[in-house]
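Protein chains: 2
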Amino acid sequence: MIRVVLIGYGNVGFHLYHAIKPLNDVEIVQIYNRKSSFPKNLPKTTPIANSFDKLEDADVYIMTVSDDAIISVSQKIQLKSKLVVHTSGNTSMHAIDKKHRRGVFYPLQTFSIQRQINFSEVPICIETENKEDEQLLQQLAEHLGCTTHKLSTDQRRSLHLAAVFVNNFTNHLYRIGHELCESNRVPFDILKPLIKETASKLDDLTPFMAQTGPAKRGDSKTVNKHLELLENEKQKEVYTTFSQLIANLYGKEL
Amino acid sequence: MIRVVLIGYGNVGFHLYHAIKPLNDVEIVQIYNRKSSFPKNLPKTTPIANSFDKLEDADVYIMTVSDDAIISVSQKIQLKSKLVVHTSGNTSMHAIDKKHRRGVFYPLQTFSIQRQINFSEVPICIETENKEDEQLLQQLAEHLGCTTHKLSTDQRRSLHLAAVFVNNFTNHLYRIGHELCESNRVPFDILKPLIKETASKLDDLTPFMAQTGPAKRGDSKTVNKHLELLENEKQKEVYTTFSQLIANLYGKEL
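Sequence order for the protein chains is A and B. Residues in the first sequence are numbered consecutively from 1, following the UniProt record's numbering. Residues in the second sequence are numbered consecutively from 1, following the UniProt record's numbering.
Take these hints with a grain of salt, some might be off.
Intra- or inter-copy, both count: the list cannot distinguish identical chains.
Derived DSS-like pairs: lysine-lysine, alpha-carbon spacing no greater than 25 Å straight-line [claimed, not checked]: (1) Lys-21 / Lys-252; (2) Lys-236 / Lys-54; (3) Lys-44 / Lys-54; (4) Lys-80 / Lys-99; (5) Lys-44 / Lys-131; (6) Lys-216 / Lys-44; (7) Lys-98 / Lys-234; (8) Lys-98 / Lys-44; (9) Lys-21 / Lys-44; (10) Lys-221 / Lys-54; (11) Lys-252 / Lys-236; (12) Lys-221 / Lys-98; (13) Lys-44 / Lys-80; (14) Lys-98 / Lys-76; (15) Lys-54 / Lys-225; (16) Lys-82 / Lys-225; (17) Lys-252 / Lys-234; (18) Lys-150 / Lys-76; (19) Lys-54 / Lys-21; (20) Lys-234 / Lys-99; (21) Lys-221 / Lys-76; (22) Lys-192 / Lys-99; (23) Lys-252 / Lys-225; (24) Lys-76 / Lys-54; (25) Lys-196 / Lys-98; (26) Lys-99 / Lys-196; (27) Lys-192 / Lys-252.
The hints are simulated quantities; they were obtained by calculation from the structure and are not laboratory data.
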């Protein structure tokens, strides 16, 4: 049995809690949450602590707090020589106070409270100071059905940065698509199969091979027609930047 | 039985052929292909024409030629009062020569020869001059298992433009993610579940609701760390543009 204390209950804490709760071999013995920000969705069946001196004994303390809070929260955890991990993509393992056995348990996914996550689709990036802790985090991930990857802080940071491009910025492209549809009375739903296929193509092809469209073909006529259609200056700028980047990549001129 | 002549055999022609071929109620009676560009993958079980005066009789002539060729190819089709459609997102129905009954049969998907397409995931945008032809195109789409949408040329153009954002530009963001992973020895595969979840989130949430990440939170610290990590000027430019757009949208400052 792996005993877990969850520290913080935001997006990641919420999803991690609900993924761990049904497991037989992992138990959440306690959730720490600041008094001042008691979320409405805090579970009633798990003991809640709101002071750091009331933390229960556990095998691992998982901090799902904001990046900025990692240093100070890890300092406030008074227990010594315990495995304390953070879940941040962009923070060094060494941000965690050195009285702890330090580690990282970074789930590479996009978490929204409104959307259920299937943890078998969540790769976990693991970093630890020693082999034993690595094995414990790996076991925890396996119980969740996750794949695991041993990554250094530098590798994890690059991955987090790449994730911002493929997730956050991609979602903003969806937003632009949504705006264009709405303002021309076209249901955005028509685009959804295309959006999914664009993602699924990567099962078979690299992004380089998967590219299609006017910019790749060097089809200036279509590109110019599109620029005429666009009324929003920011959208025009995005269109021009991407078309140039794609055309360059395939040795075309626009 | 709907009798089809396919005119052109590029990406769309290839996929349409292989989707129609197994159907009981639709028959491809002939493929027209220019002599000069006989593709290796041209099927051997269907008659091929390479001159416009040898076209067979059919219920519908589907042009899967490049946008630029639609006017001239439709002029060269000598048959009169036949239903002749193009498959372009960005071309007016009226580009088709007026001696024909004109129509549009635009499959909104990304087609690559190397990747099989499930046509039940392909929305077809239909435009015709008369009701009867609309019904025929709708039947054809239904046999393929596609959903259909009646769109005007203007609506279809907006949709095509939106598709460039959510498909072509998104794929280029995947490419940037791929480059960042490669140059830091991180397997790109780790990002694939995130990429798919980003697309699938739209089943439950609008892009506006689905947005996450440092720019949305107004987290300048992370944004600046990321900009420090980026060495490529173009990637920096994309990062800055998107972060500003997202921050503005959520009333944050970076």
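Tested hints:
1. For a Cα distance limit of 25 Å, the shortest separation of Lys-21 from Lys-252 qualifies neither inside one copy, at 54 Å, nor across copies, at 35 Å.
2. When the C-alpha separation of Lys-236 and Lys-54 is checked against a cutoff of 25 Å, the pair qualifies neither within a copy, at 56 Å, nor between copies, at 45 Å.
3. When the C-alpha separation of Lys-44 and Lys-54 is checked against a cutoff of 25 Å, the pair qualifies only within one copy, where the shortest distance is 18 Å, while the shortest distance between copies is 77 Å.
4. Taking identical chains as interchangeable, the C-alpha atoms of Lys-80 and Lys-99 lie at most 25 Å apart only when both belong to the same chain, with a minimum of 6 Å there against 86 Å between chains.
5. When the C-alpha separation of Lys-44 and Lys-131 is checked against a cutoff of 25 Å, the pair qualifies neither within a copy, at 35 Å, nor between copies, at 60 Å.
6. In the homo-oligomer, the alpha carbons of Lys-216 and Lys-44 never lie at most 25 Å apart, since the shortest distance is 55 Å inside one protomer and 31 Å across protomers.
7. Taking identical chains as interchangeable, the C-alpha atoms of Lys-98 and Lys-234 are never at most 25 Å apart, the minima being 46 Å within one chain and 39 Å between chains.
8. Within a single copy, Lys-98 and Lys-44 get their C-alpha atoms no closer than 33 Å, and across copies no closer than 71 Å, so neither meets the 25 Å cut-off.
9. In this assembly of identical chains, the alpha carbons of Lys-21 and Lys-44 lie at most 25 Å apart only when taken from the same copy (12 Å versus 58 Å across copies).
10. When the C-alpha separation of Lys-221 and Lys-54 is checked against a cutoff of 25 Å, the pair qualifies neither within a copy, at 68 Å, nor between copies, at 32 Å.
11. Taking CA atoms no more than 25 Å apart as the test, Lys-252 paired with Lys-236 passes in both settings, with 20 Å inside one copy and 22 Å between copies.
12. Taking the shortest alpha-carbon separations for Lys-221 and Lys-98, only the inter-copy value of 23 Å comes in at or below 25 Å, while the best intra-copy value is 61 Å.
13. Proximity of Lys-44 to Lys-80 under the C-alpha cut-off of 25 Å is found in neither arrangement, the shortest distances being 28 Å within a copy and 74 Å between copies.
14. Taking the shortest Cα distances, Lys-98 and Lys-76 sit within 25 Å of each other inside one copy (12 Å), while across copies they are farther apart (78 Å).
15. Taking the closest pair of Cα atoms, Lys-54 and Lys-225 never come within 25 Å of each other, the shortest separation being 65 Å inside a single copy and 35 Å across copies.
16. Proximity of Lys-82 to Lys-225 under the C-alpha cut-off of 25 Å is found in neither arrangement, the shortest distances being 62 Å within a copy and 29 Å between copies.
17. Proximity of Lys-252 to Lys-234 under the C-alpha cut-off of 25 Å is found in both arrangements, the shortest distances being 24 Å within a copy and 17 Å between copies.
18. When the C-alpha separation of Lys-150 and Lys-76 is checked against a cutoff of 25 Å, the pair qualifies neither within a copy, at 28 Å, nor between copies, at 62 Å.
19. Within a single copy, Lys-54 and Lys-21 get their C-alpha atoms as close as 21 Å, which meets the 25 Å cut-off; across copies the closest is 69 Å, which misses it.
20. For the identical chains of this complex, Lys-234 and Lys-99 are neighbours neither inside a copy (49 Å) nor across copies (42 Å), given an alpha-carbon limit of 25 Å.
21. Taking the closest pair of Cα atoms, Lys-221 and Lys-76 come within 25 Å of each other only across two copies (23 Å); inside a single copy the shortest separation is 62 Å, beyond that limit.
22. Within a single copy, Lys-192 and Lys-99 get their C-alpha atoms no closer than 49 Å, and across copies no closer than 36 Å, so neither meets the 25 Å cut-off.
23. Within a single copy, Lys-252 and Lys-225 get their C-alpha atoms as close as 18 Å, which meets the 25 Å cut-off; across copies the closest is 33 Å, which misses it.
24. For the homomeric pair Lys-76 and Lys-54, the shortest alpha-carbon distance inside one copy (11 Å) is at most 25 Å, but the shortest distance between copies (84 Å) is not.
25. Taking CA atoms no more than 25 Å apart as the test, Lys-196 paired with Lys-98 passes in neither setting, with 44 Å inside one copy and 37 Å between copies.
26. For the identical chains of this complex, Lys-99 and Lys-196 are neighbours neither inside a copy (46 Å) nor across copies (39 Å), given an alpha-carbon limit of 25 Å.
27. Proximity of Lys-192 to Lys-252 under the C-alpha cut-off of 25 Å is found in neither arrangement, the shortest distances being 29 Å within a copy and 28 Å between copies.
In this structure, the hints that do not hold are numbers 1, 2, 5, 6, 7, 8, 10, 13, 15, 16, 18, 20, 22, 25, 26, 27, in rising order.
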